[in-house]
Amino acid sequence: MRKSTLGQMADSELVERFAELGIAQDGALFHEKYGKFNRLFDKMKAIGEELRLRGRDARLLLQTLYNHPNLQVRLQAAKWTLGVAPVEARRIIQQIYDLKLYPQAGDAGMCLSNLDDGTFKPE
Numbered sequence: 002m003r004k005s006t007l008g009q010m011a012d013s014e015l016v017e018r019f020a021e022l023g024i025a026q027d028g029a030l031f032h033e034k035y036g037k038f039n040r041l042f043d044k045m046k047a048i049g050e051e052l053r054l055r056g057r058d059a060r061l062l063l064q065t066l067y068n069h070p071n072l073q074v075r076l077q078a079a080k081w082t083l084g085v086a087p088v089e090a091r092r093i094i095q096q097i098y099d100l101k102l103y104p105q106a107g108d109a110g111m112c113l114s115n116l117d118d119g120t121f122k123p124e
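In the working numbering, the protein residues as written are 2 to 124.
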């Protein structure tokens with residue numbers, strides 16, 4: 002997605018698109034399409050950056066995805082809100098890790114480890 006396109010979208014539309022990308026990522030992981038996953042991640046990152054430009058309240062809207070039925074969507078929403086809602090986001094990541102449903106549990110575990118050892122410092 003182009004930044005100009007993202008800039009014209011409402012916050013709620015960005016959150017909806019973020020969820021769509023998370024679902025698509027889940028499918029790419031299931032079918033071992035890692036190149037596709039990476040392209041989807043780049044699009045998700047652009048949305049995350051657009052929300053960051055719009056301020057804390059815009060980023061906090063990703064919390065509405067904490068209860069999404071898709072585990073990948075929940076995980077990505079939590080990871081992208083660690084900088085603005087660290088306690089709540091970490092709780093979601095821990096829950097995903099505790100479910101032991103892979104590959105998301107593995108990603109969640111690495112995220113927790115990187116947070117604990119200071120490798121990952123959310124902004």
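Hints were generated in silico from the structure; no laboratory data involved.
Incorrect hints may have been included.
To be verified - With a cut-off of at most 20 Å between alpha-carbon atoms, the simulated DMTMM-like pairs for lysine to aspartate or glutamate come out as follows: (1) Lys101 with Glu124; (2) Lys44 with Glu89; (3) Lys44 with Asp108; (4) Lys34 with Glu50; (5) Lys46 with Asp58; (6) Lys46 with Glu14; (7) Lys44 with Glu17; (8) Lys37 with Asp58; (9) Lys46 with Glu21; (10) Lys101 with Glu50; (11) Lys37 with Asp108; (12) Lys44 with Asp99; (13) Lys46 with Asp99; (14) Lys101 with Glu17; (15) Lys122 with Asp108.
Stated by the list, open to error - Derived CB-CB ranges, DEER-like: (16) Arg57 with Met111: 31 to 37 Å; (17) Gly36 with Gly107: 25 to 31 Å; (18) Leu100 with Gln9: 21 to 27 Å; (19) Lys122 with Gly56: 29 to 35 Å; (20) Phe42 with Leu113: 18 to 24 Å; (21) Asp117 with Glu33: 17 to 23 Å; (22) Gly107 with Gly8: 31 to 37 Å; (23) Thr65 with Leu102: 19 to 25 Å; (24) Gly56 with Tyr35: 17 to 23 Å; (25) Gly119 with Arg57: 19 to 25 Å; (26) Ala11 with Pro87: 36 to 42 Å.
For glycine and all other residues, C-beta sits at the position ideal for the given N, C-alpha and C.
Need the status of pair Lys101, Glu50: alpha-carbon distance at most 20 Å? violated, 30 Å
Would the pair Lys46 and Glu14 pass a check requiring their Cα atoms to be no farther apart than 20 Å? Cα-Cα ~15 Å, so holds.
Given the hint that Lys44 pairs with Glu89, does the C-alpha gap stay at or below 20 Å? This hinted pair is violated, its Cα atoms lying about 24 Å apart.
Can the suggested window of 31 to 37 Å be confirmed for the beta-carbon pair Arg57 and Met111? The hinted range 31 to 37 Å is violated for Arg57 and Met111, with Cβ atoms some 26 Å apart.
CA of Lys101 to CA of Glu124, is that 20 Å or under? Violated. Lys101 to Glu124 sits at ~27 Å, over the 20 Å cutoff.
Between Lys122 and Gly56, does the C-beta distance stay in 29 to 35 Å? violated, 20 Å
Is the distance from the Cβ of Gly107 to the Cβ of Gly8 consistent with 31 to 37 Å? holds, 34 Å
Pairwise hint evaluation, Asp99 against Lys46, where the allowed Cα distance is 20 Å at most: violated, 26 Å
Measuring from beta carbon to beta carbon, are Thr65 and Leu102 in 19 to 25 Å? The hinted range 19 to 25 Å holds for Thr65 and Leu102, with Cβ atoms some 22 Å apart.
Given the hint that Lys34 pairs with Glu50, test it: the Cα-Cα distance must not exceed 20 Å. Given pair Lys34, Glu50 is violated - Cα atoms ~24 Å apart, limit 20 Å.
If you check the beta carbons of Gly36 and Gly107, does the distance land in 25 to 31 Å? Roughly 19 Å apart at Cβ, these two residues miss the hinted range, so it is violated.
Just to be careful, I want the Cα atoms of Lys37 and Asp108 compared with a cutoff of 20 Å; is the pair within it? Holds. Lys37 to Asp108 sits at ~17 Å (cutoff 20 Å).
Checked against the numbered hints listed earlier, the structure breaks hints 1, 2, 4, 8, 10, 12, 13, 14, 16, 17, 18, 19, 21, 24, 26; every other hint is satisfied.
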